[in-house]
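Trainee: Given next are the chains, with one letter for each unit.
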Amino acid sequence: DQQVKQNSPSLSVQEGRISILNCDYTNSMFDYFLWYKKYPAEGPTFLISISSIKDKNEDGRFTVFLNKSAKHLSLHIVPSQPGDSAVYFCAASFGNEKLTFGTGTRLTIIP
Amino acid sequence: DAGITQSPRHKVTETGTPVTLRCHQTENHRYMYWYRQDPGHGLRLIHYSYGVKDTDKGEVSDGYSVSRSKTEDFLLTLESATSSQTSVYFCAIRDRAAEAFFGQGTRLTVV
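From first to last, the protein sequence lines stand for chains A and B.
Sequential numbering of the first sequence, starting at 7, is according to the numbering used here.
Sequential numbering of the second sequence, starting at 139, is according to the numbering used here.
Mixed in with the good hints there might be a few duds.
Unchecked claim - Below, computed lysine-lysine pairings styled on DSS-like, alpha-carbon distance capped at 30 Å: (1) B/Lys195 to A/Lys104; (2) A/Lys11 to B/Lys195; (3) B/Lys195 to A/Lys77; (4) A/Lys74 to B/Lys195; (5) A/Lys77 to A/Lys62; (6) A/Lys74 to A/Lys11; (7) B/Lys208 to B/Lys191; (8) B/Lys191 to A/Lys104; (9) B/Lys208 to B/Lys195; (10) A/Lys104 to A/Lys60; (11) B/Lys208 to A/Lys104; (12) A/Lys104 to A/Lys62; (13) A/Lys11 to A/Lys60; (14) A/Lys11 to A/Lys62; (15) B/Lys208 to B/Lys149; (16) B/Lys149 to A/Lys104; (17) A/Lys60 to A/Lys74; (18) A/Lys104 to A/Lys74; (19) A/Lys104 to A/Lys77; (20) A/Lys11 to A/Lys104; (21) B/Lys195 to B/Lys149.
As the list claims (entries may be wrong) - If you want the ones that stay clear, here's a sample from chain B, every Cβ over 12 Å from chain A, calculated: (22) Val150; (23) Glu152; (24) Thr153; (25) Gly154; (26) Val157; (27) Arg160; (28) Thr164; (29) Lys191; (30) Tyr202; (31) Lys208; (32) Asp211; (33) Leu213; (34) Thr224; (35) Thr247.
Claimed, not checked - To give a feel for the contact side, a few chain B residues facing chain A, derived at Cβ under 8 Å: (36) Gly178; (37) His179; (38) Gly180; (39) Tyr186.
None of these hints come from the bench; they were simulated from the model.
Positions of the beta carbon are idealized from the N, C-alpha and C atoms, including for glycine.
Next up, chain A with everything else stripped away, as it sits in the complex (with noise of 0.2 Å):
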């Protein structure tokens, strides 16, 4: 049971572009939402979170959007940069324990 749903394996972005990884989750215990980037070879590194009490959240390039009716999260870059391209993980947790991670997007900026 995939309680937590990035749809899209992939997308295609030009550079400059804005670019919206989707994730979608079940559980509405959730209360604590994360997205990660990671590169071949390395480990996850965060990008941003939000809590269930607030619906956006901005830190310079990157901006992550809550609907919580939707059971929906988004992330948005704006602009792209080559340096973007790399795969894409939302995570979601409720309380202090447990973080469930979606499939993942791998993102590929178009120079």
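Position chain B against the provided structure of chain A, taking the given hints into account.
Mentor: Leaving out everything else, chain B in the frame of chain A:
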């Protein structure tokens, strides 16, 4: 960078042999996790720990055991390695409801 080290970084082992992977942290974080990453499956939780001697199962725990006798060390043991356990294994640490930090990963091949 968070103080988290995985060892070994690469290992090849034979089917049926026991294997232990080590995760060591210097951050004194309470929570520690073991994930495996496989194509099409993203990051799946194997086991996690919420304190010394306190562990719980994740979604893919069969064939794996863990131990945490000290805050800083979290060991993952494959009791009798199988080819289906060929994967990249990541350890993560976390302090309360915040981001988790990942190690560099261990690439395990079971032949």
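Trainee: Give a verdict on every hint.
Mentor: These are the hints, each one checked on the structure:
About 10 Å separates the Cα atoms of B/Lys195 and A/Lys104, which keeps this hinted pair within 30 Å; it holds. Of the pairs offered as hints, the one joining A/Lys11 and B/Lys195 holds, with about 21 Å between alpha carbons and a cut-off of 30 Å not exceeded. Between B/Lys195 and A/Lys77 the alpha-carbon distance is near 25 Å, which keeps this suggested pair within the 30 Å criterion. Straight-line distance between C-alpha atoms of A/Lys74 and B/Lys195 comes to about 28 Å, which keeps the hinted pair within the 30 Å bound.
About 14 Å separates the Cα atoms of A/Lys77 and A/Lys62, which keeps this hinted pair within 30 Å; it holds. Pair hint A/Lys74 plus A/Lys11 holds up; C-alpha atoms about 15 Å apart against a cutoff of 30 Å. Proposed proximity of B/Lys208 and B/Lys191 is supported: the alpha carbons are some 8 Å apart, at most 30 Å. For the suggested pair B/Lys191 and A/Lys104, the alpha carbons sit about 17 Å apart, so the restraint of at most 30 Å is met.
Between B/Lys208 and B/Lys195 the alpha-carbon distance is near 19 Å, which keeps this suggested pair within the 30 Å criterion. With a C-alpha separation of about 21 Å, the suggested pair A/Lys104 and A/Lys60 falls inside the 30 Å cut-off, and the hint holds. Among the hinted pairs, B/Lys208 with A/Lys104 is consistent with the structure: their alpha-carbon atoms are about 20 Å apart, no more than 30 Å. Restraint check: the Cα-Cα separation between A/Lys104 and A/Lys62 comes to about 23 Å, which is no more than 30 Å; the hinted pair holds.
At roughly 21 Å between alpha-carbon atoms, A/Lys11 and A/Lys60 fall within 30 Å of each other, so this suggested pair holds. Restraint check for A/Lys11 and A/Lys62: the C-alpha separation of about 20 Å stays at or below 30 Å, so the hint holds. Using a Cα cut-off of 30 Å, the hinted pair B/Lys208 and B/Lys149 holds, with the two alpha carbons roughly 24 Å apart. Of the pairs offered as hints, the one joining B/Lys149 and A/Lys104 holds, with about 27 Å between alpha carbons and a cut-off of 30 Å not exceeded.
Only pairs whose Cα atoms come within 30 Å are accepted, and A/Lys60 paired with A/Lys74 is accepted, the gap being roughly 9 Å. A threshold of 30 Å between alpha carbons decides the hint, and for A/Lys104 with A/Lys74 the separation of about 20 Å falls inside it, so the pair holds. In summary, the hint linking A/Lys104 to A/Lys77 is supported, as the alpha carbons are separated by about 18 Å, within the 30 Å threshold. Distance hint between A/Lys11 and A/Lys104 is fulfilled; the C-alpha atoms sit about 16 Å from each other, no more than 30 Å.
Annotation: proposed proximity of B/Lys195 to B/Lys149 holds, straight-line Cα distance about 24 Å (limit 30 Å). B/Val150, annotated as away from the interface, keeps every beta carbon of chain A farther than 12 Å; the closest lies near 17 Å. Against the 12 Å criterion, B/Glu152 stays outside the reach of chain A, whose nearest CB is about 24 Å from its own CB. Remark: the non-interface label on B/Thr153 is consistent with the geometry, its nearest Cβ contact in chain A lying 25 Å away (cut-off 12 Å).
Listed as a non-interface residue, B/Gly154 keeps its Cβ farther than 12 Å from every Cβ of chain A; the least gap is roughly 28 Å. At the 12 Å boundary, the C-beta of B/Val157 stays outside the reach of chain A, the nearest C-beta of that chain being 20 Å off. Against chain A, the non-interface label of B/Arg160 holds: every CB pair exceeds 12 Å, the least being about 15 Å. Listed as outside the interface, B/Thr164 is consistent with that label: its C-beta sits roughly 16 Å from the nearest C-beta of chain A, beyond the 12 Å cut-off.
Look at B/Lys191: its CB is around 16 Å from the nearest CB on chain A, clear of 12 Å, so calling it non-interface holds up. For B/Tyr202, the requirement that its beta carbon stay farther than 12 Å from each beta carbon of chain A is met, with the minimum near 16 Å. Every CB of chain A lies more than 12 Å from the CB of B/Lys208, the least distance being 20 Å, so the non-interface label holds. Every beta carbon of chain A lies more than 12 Å from that of B/Asp211, the smallest distance being close to 18 Å; the non-interface claim holds.
The beta carbon of B/Leu213 sits about 18 Å from the closest Cβ of chain A, which is more than 12 Å, so the claim that it is off the interface holds. Distance check on B/Thr224: its Cβ is at least 16 Å (rounded) from any Cβ of chain A, clearing the 12 Å threshold; non-interface status holds. Residue-level check passed: B/Thr247 sits 15 Å from the nearest beta carbon of chain A, beyond 12 Å. Residue-level restraint check for B/Gly178 holds (minimum Cβ-Cβ distance to chain A is 7 Å; threshold 8 Å).
Contact between B/His179 and chain A, as hinted, is supported at the beta carbon level, the nearest pair being about 6 Å apart and thus within 8 Å. The interface hint given for B/Gly180 holds, since its Cβ lies 4 Å from the closest Cβ of chain A, which is under the 8 Å cut-off. Checking B/Tyr186 against chain A: minimum C-beta separation of about 6 Å stays under 8 Å; hint holds.
Checked against the numbered hints above, the structure violates none of them.
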